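K.L.:
Chain by chain, the residues run as shown.
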Amino acid sequence: MSRSRYTQRHCCQYQWSTLELLPETRAFQGSIFQKHHGFSTSASDGASAGADEEKGTIPVTFVSKDGEEIPIQVPIGMSMLEAAHENDIELEGACEGSLACSTCHVIVMDMEYYNKLEDPADEENDMLDLAFGLTETSRLGCQIVASPELDGIRLAIPAATRNFAVDGYVPKPH
Amino acid sequence: MAIFRARRVLWRSFSTVSSHPLRVCIVGSGPAGFYTAEKILKTHQGSQVDIIDRLPTPYGLVRSGVAPDHPETKNVINQFSRVAQNGRCSFFGNVALGSSISLVELRELYHVVVLAYGAESDRVVGIPGEDLKGVHSAREFVWWYNGHPDGRNLDPDLKNTDTAVILGQGNVALDVARILLRPTSELAITDIASHALTALEQSSIRKVYLVGRRGPVQAACTAKELREVLGIKDLYIHIKETDLKITPADEEEMKNSRIHRRIYELLSKAATAGPSRPSSGQRELHFVFFRQPDRFLESYDKKGYVSGVHLEKTGLKGIGSGKQIAIGTGQFENLSCGIVLKSIGYKSVPVDDLPFDNQKGVVPNVKGRVLSDNSGDPTSFENGLYVCGWLKRGPTGIIATNLYCAEETVASLSEDLELGVLASTTRLPKLGRDGLLQILDNRNVRVVPFSAWERIDKEEKRLGSLRNKPREKLTSWEELLKVAGSE
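Sequences listed follow chains A and B, in order. The letter at position 24 of the first sequence is residue 24 when you use the UniProt record's numbering, and the numbering goes up by one with no holes. The letter at position 66 of the second sequence is residue 66 when you use the UniProt record's numbering, and the numbering goes up by one with no holes.
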């Protein structure tokens with residue numbers, strides 16, 4: 001059941017590779033996200049401007065590993081993992097949302113939205129320990145549930161880096 | 001960036017442009033094998049992928065390694081089963097590399113062979129007494145309680161003693177401790193092998209020691225597993241408070257690692273949380289740090305049987321890049337027990353005509369491309385031969401680690417295809433699946449295709465439903481092949 005899936009394919013490679021190039025300076029990430037948030041919203045004027053109260057959905061934008069922006073509508077109460085799968089977005093979900101893996105790891109691109117989310121429970125934090133490319137605004141996609149206040153949230157799917165490390169080694173201090 | 005996009009489009013259409021569909025054989029059907037298959041099927045439309053496994057059952061350690069009381073971790077099987085059911089993919093069980101078909105033959109039959117058969121052997125401690133009865137590797141013990149047909153006859157003696165010593169403090173060690181200490185009523189509704197459940201119900205083991213060479217900051221387990229073992233009902237946990245003392249080097253290690261920080265916090269809390277001594281009849285779990293095994297002690301009454309471990313106290317020494325290793329201090333003590341489980345790591349097994357690094361226990365490779373030898377010459381590769389998973393990286397990581405490992409190996413493969421590195425083989429048609437099945441038929445190998453595994457799966461679930469278990473595993477080769485072959 002794929003709702004209005006916009007086919008905008010404007011190149012966000014620049015934006016994404018900027019993120020990858022700054023592994024040591026995650027303090028920057030908040031500000032970089034803000035900057036590009038401005039860039040993207042002005043460009044993606046095709047996406048809905050707000051929550052669709054009647055249909056009970058909110059607009060959410062996924063940014064794929066290649067930097068492709070995919071705006072979708074997510075029913076309130078649905079998890080982001082489920083929404084991704086409904087829209088054929090490539091987000092892994094090995095344990096199918098049961099908090100037994102970290103493959104649905106997403107990065108909340110704006111600190112403002114990250115702060116709106118409830119703090120992760122111990123169980124989620126335990127799984128985030130093992131996520132690849134963990135950042136300060138990382139969450140598990142299966143634990144982010146659509147609500148009206150998350151209207152417009154942007155979630156980036158981390159790229160599998162060439163230098164992936166094993167045993168859930170987290171490359172940056174956190 | 002635009003070039004990257006174009007390249008991907010090129011890869012996708014490569015197989016259709018070439019007149020010969022790409023035929024790939026993957027050896028091993030665990031996470032490494034299945035994630036590799038999925039990636040190849042997706043990236044190379046028109047490719048045909050065959051996955052072989054020496055067992056009649058697929059999924060590798062997801063079936064035989066993940067603990068019975070961790071069913072959610074096994075959900076990934078649903079994803080893998082969808083891959084196996086893809087029209088361009090076939091699973092062939094009961095086909096062993098080496099005895100059923102050789103590597104040379106596979107490389108003749110397929111354009112590409114990816115070895116993903118993991119690590120089926122063990123690191124040895126290398127100390128006296130290691131072959132005393134009662135000293136087992138954790139791998140064998142895990143195979144035993146998970147119903148692996150090669151683990152059925154382990155027959156560990158859980159009745160002669162009340163104490164088990166586990167060497168190692170990684171997740172496998174914690175799994176073993178948990179299975180030994182959990183109330184069996186909780187295990188009875190899991191897919192644990194019934195012979196193991198029976199043995200555990202009759203077990204006299206009440207005390208388990210988890211022994212690590214280094215300190216709590218270096219413990220190799222992860223938070224979920226540690227939290228779980230600390231939360232077992234009515235279990236007395238003992239951690240020496242003096243072991244929790246940390247040095248500046250320890251602080252540095254924790255500063256750079258979220259996992260180690262959280263593990264240390266969990267252990268610290270557990271050290272002071274509970275009562276200071278066990279109540280009568282209570283089961284006990286002891287975390288022993290800074291001790292390395294010097295030798296296994298032999299029983300006086302029962303010759304040939306283990307009766308304890310002679311341990312040496314250790315101290316930590318920094319070896320640069322933030323790492324600390326254990327160094328013996330020359331002070332010793334004994335820890336009595338009737339069974340020892342060594343959980344110090346797995347090791348891969350070499351096969352004929354395959355370059356192998358005996359020291360690291362892996363196939364020498366660069367990003368999954370198999371090197372022709374160990375000499376370190378990074379330019380001489382084995383054409384069309386790739387490696388993924390533990391055989392490539394060593395026996396570490398979680399299921400998801402193979403996702404990234406497969407991406408890397410398949411990226412190397414795709415690059416080789418595009419750059420024409422494999423042109424000499426891809427230029428020719430290969431017999432692939434048909435050729436393989438013909439040879440196996442000539443050799444009277446009873447191939448177990450996916451549909452036959454589905455018969456096993458259905459029967460196990462049926463038997464399980466009679467006992468309030470998700471499945472009752474078939475644990476002998478005979479039973480498995482019989483059900484696979486039946487209509």
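In case anyone wonders, no lab produced these hints; they're calculated from the structure. Heads up, some of the hints might be wrong.
As the list claims (entries may be wrong) - Restricting the straight-line Cα-Cα distance to at most 30 Å, the calculated cross-link-like pairs of lysine-lysine (DSBU-like) are:
#	chain 1	residue 1	chain 2	residue 2
1	A	Lys65	B	Lys317
2	B	Lys42	B	Lys313
3	A	Lys116	B	Lys255
4	B	Lys317	B	Lys347
5	B	Lys323	B	Lys255
6	B	Lys303	B	Lys317
7	B	Lys367	B	Lys313
8	B	Lys323	B	Lys74
9	B	Lys302	B	Lys255
10	A	Lys65	B	Lys347
11	B	Lys255	B	Lys133
12	B	Lys313	A	Lys65
13	B	Lys367	A	Lys65
14	B	Lys347	B	Lys74
As the list claims (entries may be wrong) - Chain A is nowhere near these chain B residues, computed Cβ spacing over 10 Å in every case:
#	residue
15	Glu72
16	Thr73
17	Val76
18	Arg227
19	Asn374
Given the structure is predicted, the values throughout are model-derived calculations rather than measurements. Backbone N, C-alpha and C fix where the C-beta goes; we use that ideal spot for every residue, glycine too.
K.L.:
For each hint, tell me whether it holds in the structure or not.
P.N.:
Hints and how they fare:
1. Lys65/A to Lys317/B: violated (41 Å)
2. Lys42/B to Lys313/B: violated (53 Å)
3. Lys116/A to Lys255/B: Judged against 30 Å, a Cα distance of about 27 Å means the pair holds.
4. Lys317/B to Lys347/B: holds (26 Å)
5. Lys323/B to Lys255/B: holds (13 Å)
6. Lys303/B to Lys317/B: Given that 30 Å is the threshold and the Cα spacing comes to 38 Å, the pair is violated.
7. Lys367/B to Lys313/B: Distance of about 40 Å is beyond 30 Å: violated.
8. Lys323/B to Lys74/B: Roughly 33 Å separates the two Cα atoms, so the pair is violated.
9. Lys302/B to Lys255/B: violated (49 Å)
10. Lys65/A to Lys347/B: Not satisfied, since the Cα-Cα distance of roughly 34 Å exceeds 30 Å.
11. Lys255/B to Lys133/B: violated (43 Å)
12. Lys313/B to Lys65/A: At roughly 48 Å apart (the allowed maximum being 30 Å), Lys65/A and Lys313/B break the hint.
13. Lys367/B to Lys65/A: Between Lys367/B and Lys65/A the Cα gap is close to 20 Å, so the pair holds against 30 Å.
14. Lys347/B to Lys74/B: holds (23 Å)
15. Glu72: Incorrect as stated: the minimum Cβ-Cβ distance to chain A is 4 Å, not above 10 Å.
16. Thr73: Check fails; 5 Å does not lie beyond 10 Å.
17. Val76: Violated: least Cβ distance 4 Å, not greater than 10 Å.
18. Arg227: Violated, because the least Cβ-Cβ distance between Arg227/B and chain A comes to about 7 Å, which does not exceed 10 Å.
19. Asn374: holds (22 Å)
This entry does not satisfy hints 1, 2, 6, 7, 8, 9, 10, 11, 12, 15, 16, 17 and 18, going by the numbered hints stated previously.
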